[in-house]
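K.L.:
What follows is the residue order along each chain.
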Amino acid sequence: MKEIMEILNNLDWSPLFISIKTGIVATIISFFLGIYAARKVIKAKPWVKAVADGILTLPMVLPPTVAGFFLLLLFSRRRPVGIFLYETFDIKVVQTWLGCIIAATVIAFPLMYRNARAAFEQVDVNLIYAGRTLGMSEMAIFWKVVVPTAGPGIISGTILTFARALGEYGATSMLAGNIPKKTATISQRIAMVVQDGDYMTAGVWVIIVMLIAFGVIVLMNLISGRKMKNIKRW
Amino acid sequence: MIEINISRTLGRFHLNMEVKSDSRRIGILGASGCGKSMTLGCIAGIESPDRGRIVLEGRTLYDRDQKINVKPQKRKIGYLFQNYALFPTMSVRKNIMAGLKCGKAEQEQIADKMITKFQLDGLGDRLPGELSGGQQQRAALARIMAYEPEVILLDEPFSALDEFLKDRLQQELIQMLEDYPGTVILVSHSRDEIYRFSDELIVMDQGKVVCHGNTEETFDCPGWKEAARLTGCKNITEAIREDEHHLQVPGWGIRFTLEQQIDEEIRYVGIRAHDFEPIWLADGEQPEEGWIKVKVDSVAKLPFEHKYFLKELEKQEDVCWFVQRELWEVLEEKGMPGWLKIPEEKLLLLK
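Protein chains in written order, with numbering that gives the first Met the number 0: chain A, 0 to 233; chain B, 0 to 350.
Everything labelled a hint here was simulated from the structure, so no lab data went into it. C-beta: ideal position from N, C-alpha, C; glycine also. The reader is advised that the hints may include incorrect statements.
[Said to hold, decoys possible] No farther apart than 30 Å at their CA atoms in a straight line, the calculated lysine-lysine pairs in the BS3-like style are these:
1) B:Lys70 <-> A:Lys39
2) B:Lys100 <-> A:Lys42
3) A:Lys143 <-> B:Lys340
4) B:Lys66 <-> A:Lys39
5) B:Lys73 <-> B:Lys112
6) B:Lys75 <-> A:Lys48
7) A:Lys39 <-> A:Lys20
[Said to hold, decoys possible] Computed Cβ-Cβ distance ranges for the label pairs, DEER-style:
8) B:Gln81 <-> A:Leu32: 29 to 39 Å
9) B:Asn15 <-> A:Lys42: 21 to 31 Å
10) B:Asn15 <-> A:Leu221: 53 to 63 Å
11) B:Gln108 <-> A:Ile206: 50 to 60 Å
12) B:Gln205 <-> A:Lys42: 40 to 50 Å
13) B:Phe308 <-> A:Thr56: 55 to 65 Å
14) A:Lys42 <-> B:Gln108: 30 to 40 Å
Chain A with its partners taken away, still in its complex shape (with noise of 0.2 Å):
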């Protein structure tokens, strides 16, 4: 116990803020790309449909080492990409937490992705085809009709989407690498101090993480199970 308490007052805390800004904001790029993104695919047409699907779904299926791997090839500073963005806006990427949530992003966002898509195509065409005749723009339909009616499936994927985004480790650390007060999050830093024997302090960020992520699942199905409870659906 008390050589517990030493590791809590000594240990930094830093890999914990890194972890939590970068799921946040991933988990907002995510929600914003993910529901525009299965809103274009389910109005597009079959072939597309099958190849955009493809396209988007493979940061989940592909090891992240691998999608790691594309996004150090896209985004080295000896490459146009990288070139470019440093050479025009002073943007680094590698080596950066702006590599983080790219990283984090890129492997979370075919999660938030699916399910916006699966709860979009649940919801009744007639609703749409109602608020056309009432004179709703399609944009007003779908911010204040289908989302809201996809709701539980929405919440879901941005639940689900942060807990990834939360724990990524292998497309982080090829692309962000492990830099201690920048890059360095809980999951890199668990991998660090398991590889120097420091079980205790991996059981700590251990322990930490799995808090974390219950929480925000409770917390998620508390805010749901009470905005839902009163809305029929068929």
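Chain A is fixed; fit chain B onto it per the hints.
P.N.:
Same frame as chain A, now just chain B:
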């Protein structure tokens, strides 16, 4: 005045609709899958025909040749969906205000007015899922009316309701639409609903208009075999025209001599299941022309009506005879009649 001339192909189904009408209460009758809902969809603009044009009160909504296809948002057409399509996450009040373009205060005012008009007082803050079927229908209608459409389309509005509620709600709907000045088009597979509601009737079958005319006249004298069937005529069989006043009906084993002239195009005859007259032959009496010799095949006893499913004795053609309560006692006393008479005025001559 509504003018529709459209065609649309969907897989193996072809819709070919040509109708012109200036009635304010139009009914479209047809079996499910005959294209009546598709027609409504095309009028409202939520579906697009392949060809043709749709003109409403002088406003062209769709014209392929002129490349006109007005968005559903701009058509001013209210559509009452089969399941009402109320937005499930919005309260009744929000549902009513959803499509209104005016200021917030005015929206609230319109919502209040509609809630009172459609007897939804106290239900404004409820979600659609918390309403009964009838209340949902009124809410959906209130939402449509708030938007002041020029035409209202009703797509099988009673099919989702319990049988015992239907009757009252049909009456309610007719009353609520009474002071509505625009055109209403009701689509249904139920002849009772259509008969009750519409002044003008369009009968559709397999994507085509079978006949079009005054509702009561069409029910009295459908003219076409499909129209007779869809307006509820249970007994239809082939007929052979001999000359202007004589018809043979081989399926029923009889021949008719009619006072009226028989059109050359007549191919079928029909009689509604209520219109037979039972005949009990006394010994030695001879059957007359136009009597069908029948025997009972099966009986369905319903609370207010007995349905006899009979067979013509020789050709075994099915004949339905529906008997109202008043006749039950007579039947019990005299037994089943051996013959059914078809009075000339009840015989439907069909093309």
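K.L.:
Check each numbered hint from earlier against the structure, then list the numbers of those it violates in ascending order.
P.N.:
3, 6 and 12
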